[in-house]
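Participant: Dock chain B against the given chain A, drawing on the hints supplied.
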Amino acid sequence: MNVAEVRGLCKEYPSFRLSDVSFDLAPGRIMGFIGRNGAGKTTTIKCMLNLVHPTSGGVSYFGLPLVGNEDEIKPRIGYSTGAVNYYPQKRIRDIVAVTRTFYPNWDEGAYREYLEFFEIDEDKRPRELSEGMKVKFNLLLALSHRAEMLILDEPTSGLDPFSRDELIGDFNRLKKRGVAILFSTHIISDVEKCADDIAYISKGRLAAALPEADFRSRFGAAGETLEETVIRMERSAANA
Amino acid sequence: MLKLLLAKELKLTASALSYLFIALALLAFCPGYPILLGAFFVCLGIFQSFRSAREANDIVYSALLPVPKADVVRGKYIFCVFIELVAFAVTAAATLVRMTALSDAAAYRANALMNANPAFLGITLLIFGLFNAIFVRGFFKTARDFTKPFIGFIVAAFFAVAIGEALHHIPGLEALNAFGFEHIGLQLAIFAGGAVAYVLLTLLSERSAVRRFELLDL
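Keeping their order, the protein sequence lines are chains A and B. Using our numbering, the first residue of the first sequence is number 1, and each one after it goes up by one. Using our numbering, the first residue of the second sequence is number 1, and each one after it goes up by one.
Pulled out of the complex, with its shape left as it was, chain A reads as follows (with noise of 0.2 angstroms):
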């Protein structure tokens, strides 16, 4: 079964329309959702936490419609949203310790884990934390509770490339068990490093959604890597 089916996404906005957006996500597959900034990865992944309501279409996890069984598929499911501020004047320990009540299989050996591979200080605030650790916080909540899928909107924004690398060092460790993920990223080489599967996006529509290999033997050139490949499709477009 798969973690995460997308079926024929629309979001009409004045200036912005997002068409027809469909793909899975299999347990223990990572997906690299790529795209330009504005091409709609972002406006996607708030379909997908019903934050935003699709004009049409919809998403169900583990088999379930996410609308009416929100409370039964998040807790199996980690979101992060790069380097969002969440109550910058509370101590990291707070916002943790009224977090982890919402979530029946927090993992407080994970928690610690984490708190030690990012370099977080429980007694630090938001607002103190560099933009960078600001993501780390995001996710080591979002990994803390042996979410079976995360969701990571552009994880490795404004990380150094040390942590970027430390980053998807891990994504591949929580593949291996069984973690599916799904991480839009504008930074092509990032998707190279650990993706198994690629969904594009363009302008709001999905140009591919297929295993890497398929999409770099469908859209790639001779010796071309996959951000040259990209480049060149979204030129076309732009041109088209």
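In case anyone wonders, no lab produced these hints; they're calculated from the structure. Given the structure is predicted, the values throughout are model-derived calculations rather than measurements. Treat the hints with care, since some could be wrong.
[As the list claims (entries may be wrong)] Straight-line C-alpha distance at most 25 angstroms; calculated PhoX-like pairs for lysine-lysine:
(1) A:90 to B:11
(2) A:124 to B:148
(3) A:134 to B:11
(4) A:203 to A:175
(5) B:3 to A:90
(6) A:90 to B:69
Facilitator: Chain B in isolation, oriented as in the chain A frame:
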């Protein structure tokens, strides 16, 4: 789950002013002061929590927790009701003291403004109900903008205060401002009306706010 959301509101979201302003319910002891303003100040304290919640991205954080989206609204309502009922308990205690031990105090006998009695408590509850119906429900239209809903509440609250202060000057309604337990029947009727209004305004606006929030894109 709603218990957890209340705990989250109290520990993470609430402004210290929400707790401090509960003490302003003791304005019920002030002679020569429009004591209904105590209820307004309690609501002003709750408003500060909505402001700090917005600055802390609390609504998005709550919507991402493993709770139905509707419970995010219910959590806010439960927090408001909690603060209002604590403040109401303080107000009721002060009123009881004024009606018994202090009923003959010269300062209160010479008081031209509203006295602390069951009618006052009823209008206090009405003001809390107006806050829930106008401000809290209005906030969930956008889950960000609270200026218009709060201005709407200020206007409604001052009408309620003005009506409360004016009623007992109308011939035949002087009993609304009686001391001690004299004419308690009419005062209890106003109290019952205020209590019913509070419950209805809170419950109906909560349902409406849930519907609004369900349709909202965050």
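Participant: Keeping to a limit of 25 angstroms between CA atoms, is the pair of residue 203 of chain A and residue 175 of chain A held or broken?
Facilitator: Answer violated: residue 203 of chain A to residue 175 of chain A is near 30 angstroms, above 25 angstroms.
Participant: Are the Cα positions of residue 134 of chain A and residue 11 of chain B separated by 25 angstroms at most?
Facilitator: Between residue 134 of chain A and residue 11 of chain B the Cα gap is close to 21 angstroms, so the pair holds against 25 angstroms.
Participant: Given the hint that residue 90 of chain A pairs with residue 69 of chain B, does the C-alpha gap stay at or below 25 angstroms?
Facilitator: Judged against 25 angstroms, a Cα distance of about 24 angstroms means the pair holds.
Participant: Verify the proposed pairing of residue 3 of chain B with residue 90 of chain A, using a straight-line Cα cut of 25 angstroms.
Facilitator: Holds, at roughly 21 angstroms.
Participant: Does the alpha-carbon distance linking residue 124 of chain A and residue 148 of chain B stay inside the 25 angstroms limit?
Facilitator: violated, 35 angstroms
Participant: Residue 90 of chain A and residue 11 of chain B were given as a pair; does the straight-line alpha-carbon distance stay at or below 25 angstroms?
Facilitator: holds, 9 angstroms
Of the hints listed earlier, those the structure fails to meet are numbers 2, 4, in rising order.
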